[in-house]
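Number of protein chains: 2
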Amino acid sequence: MTPGSPSTDLLALTAALVDVPSESHAEGPLTDWIEQELRAVPGLAVDRVGDNVVARTTLGRAHRVVLAGHTDTVPANGNERARIEGDVLWGLGSSDMKSGLAVMLDLARTVRAPAVDVTYVFYAREEIAAHLSGLLELQEARPDLLAGDVAILGEPTGGEIEAGCQGTMRLEVVLHGARAHPARPWMGRNAVHRLAGVLGALDRYEERRPVVAGCEYREALQAVRVEGGVAGNVVPDEVHLLINHRFAPDRTPAEAEAHVREVLAPFIEDGDRVEVVDLAPAAYPALEHPLIASMIEREGLVVGAKLGWTDVARFSELGVPAINLGPGDATLAHAADERVSRAPLERVHRALTGLLLLGVGEPSGPS
Amino acid sequence: MTPGSPSTDLLALTAALVDVPSESHAEGPLTDWIEQELRAVPGLAVDRVGDNVVARTTLGRAHRVVLAGHTDTVPANGNERARIEGDVLWGLGSSDMKSGLAVMLDLARTVRAPAVDVTYVFYAREEIAAHLSGLLELQEARPDLLAGDVAILGEPTGGEIEAGCQGTMRLEVVLHGARAHPARPWMGRNAVHRLAGVLGALDRYEERRPVVAGCEYREALQAVRVEGGVAGNVVPDEVHLLINHRFAPDRTPAEAEAHVREVLAPFIEDGDRVEVVDLAPAAYPALEHPLIASMIEREGLVVGAKLGWTDVARFSELGVPAINLGPGDATLAHAADERVSRAPLERVHRALTGLLLLGVGEPSGPS
Chain H
1 MTPGSPSTDL LALTAALVDV PSESHAEGPL TDWIEQELRA VPGLAVDRVG
51 DNVVARTTLG RAHRVVLAGH TDTVPANGNE RARIEGDVLW GLGSSDMKSG
101 LAVMLDLART VRAPAVDVTY VFYAREEIAA HLSGLLELQE ARPDLLAGDV
151 AILGEPTGGE IEAGCQGTMR LEVVLHGARA HPARPWMGRN AVHRLAGVLG
201 ALDRYEERRP VVAGCEYREA LQAVRVEGGV AGNVVPDEVH LLINHRFAPD
251 RTPAEAEAHV REVLAPFIED GDRVEVVDLA PAAYPALEHP LIASMIEREG
301 LVVGAKLGWT DVARFSELGV PAINLGPGDA TLAHAADERV SRAPLERVHR
351 ALTGLLLLGV GEPSGPS
Chain V
1 MTPGSPSTDL LALTAALVDV PSESHAEGPL TDWIEQELRA VPGLAVDRVG
51 DNVVARTTLG RAHRVVLAGH TDTVPANGNE RARIEGDVLW GLGSSDMKSG
101 LAVMLDLART VRAPAVDVTY VFYAREEIAA HLSGLLELQE ARPDLLAGDV
151 AILGEPTGGE IEAGCQGTMR LEVVLHGARA HPARPWMGRN AVHRLAGVLG
201 ALDRYEERRP VVAGCEYREA LQAVRVEGGV AGNVVPDEVH LLINHRFAPD
251 RTPAEAEAHV REVLAPFIED GDRVEVVDLA PAAYPALEHP LIASMIEREG
301 LVVGAKLGWT DVARFSELGV PAINLGPGDA TLAHAADERV SRAPLERVHR
351 ALTGLLLLGV GEPSGPS
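Sequence lines, in order, name chains H and V. Just so you know, we're using the working numbering here: the first sequence kicks off at 1 and counts up by one. Just so you know, we're using the working numbering here: the second sequence kicks off at 1 and counts up by one.
No lab work stands behind these hints, which were simulated from the structure alone. Mixed in with the good hints there might be a few duds.
Quick partial rundown of chain H residues pointing at chain V, CB under 8 Å, derived from the structure [as the list claims (entries may be wrong)]:
id	residue
1	Arg225
2	Thr252
3	Trp309
Positions of the beta carbon are idealized from the N, C-alpha and C atoms, including for glycine.
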């Protein structure tokens, strides 16, 4: 097989993956299907841990490359069925990141004699709280399965390299008031009305755009859930707001938390609560490893910053330098009009095929 | 029995009623108990309709007085058990309006030879949406049970007459945005952030205080519930806000609705939604009936405006002039520190005993 001409219709394979629903916590059927496909490939050692499945070559090569991707999606938004129009596939998870899974699955089935050993990691529950992650489950149950020299995550990058990633934290804000009858609200204090200040600050928030190791990041601070109210006949005395903060790799989690607390401070009073409920650190851009550097040079790949948090941070913590390289479009992830195009799918497939077949080396023949 | 000296400890009877929980939709056990008590009184015709119970004298008197009260409470707030300290009873519903029920129950048991016929109406589901009201259920199933010359609601008024009542409407506001990944919020629009404007307007709202038939009303506009959010990893595209508006009897429901829409207008865009989901009109102050007028004069009762909506509006619609007169303190209704004192309990008991024993007449002996 020649790098650059996949024998598989990758758009059709992605569509097949989209058509197996796999919202977080419900990845079982999709994992079953992937596991079955991997077990059918001669020479792959396949391990299943919960709703995660790992397939490895064991060829005794000098280097091992880990290709990893999550199988779950966010909740559907009227886009649960795959639909192909020309060279574009629409549907939930098409970008984030079933197109990446399609590349991994095809490489596992077709690249039988790689120059490096390869580990394919398909894992569950990435789109929800970090402590529920299937990759964390693997890390705790079978850390040996995640070992490698470099890791490449198939998160949506439009076929470019996105190095490092921003960190993410969720903070729960609880504002208090005092219940009263809504015909006499002056006897109490409406906690929901108190949200006006916090939400105004979030709406006016001007994010930093720091440049780290040549990559420009762009931070964000967003309310993702709000809930308050006792009954239709009661002035509410409590409201809960869940805020998500994305922070660049030039800040530690503690620095990022201090920043958010500073933004909220004018609206927080004694008795209110601001608490970090979920945290995943940022990862510094990691482009130095010869396997990555040679792939970038060979394919002329564009390198940029990853704004979203990805599990490159988790691999970094494990001591495995990691990058993001996937066919999806990150700006469409989680949106109703999520889609993926054929060109970046084939570009990523070609780049990874080259990496697996050539390792740190140059193409040996005419390409 | 002499008016003014109840043979019953009304504070203890109220405590017993508080200790039978009766949150809206769960009034069954309390209704059972009240029904049993009423059926034990000779000469009362007792009817049960769902979780409502009505007891009537049938003495062929020239006038019929309706005494009515709701049996339900709002959800508990750490105050579900009755606690008596001296002449004060603390607990859920003590003010709104189990103290009123205690007066009614005691009158039903002790005033055996009234000068007027009396109808005692104990009904369910007043604290929730108007269309669920037990009084509405009675009105539809057995309107004959609600007939009378005047109606007196035992809603909390601190032992004063509160004439008429404010109207109430609930409006649901739905603001829209566009989903996105919270690491790239600029690709969408956060619907929860859009709440800042609406909640700021509610927080700054300056209410009218119109004087109607000598009674000063005070309007109100309050958020009572807020809900929004798709997942911790998604910029939300929709948020729901439930608003409660209380309006004085000088405005029709249509005028009141137009006013709320005007307040909200600067923050509402095409595709958003503002909808009245629940409505109960105001009631004009009704103090002219001789039965009411003579009771006010006899007892020297203070007359004021009712800020909260009560079922006097429903009796008005049925053609029965109605007022509020109850022992509770309306400013404590629905609050965690809800309580009632012995003095207004006994004052209301005395006034109503006088009304039942004397009708439109004067006391016949020394008092």
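Against the structure, the hints:
{"no.": "1", "hint": "Arg225", "result": "holds, 3 Å"}
{"no.": "2", "hint": "Thr252", "result": "violated, 18 Å"}
{"no.": "3", "hint": "Trp309", "result": "holds, 7 Å"}
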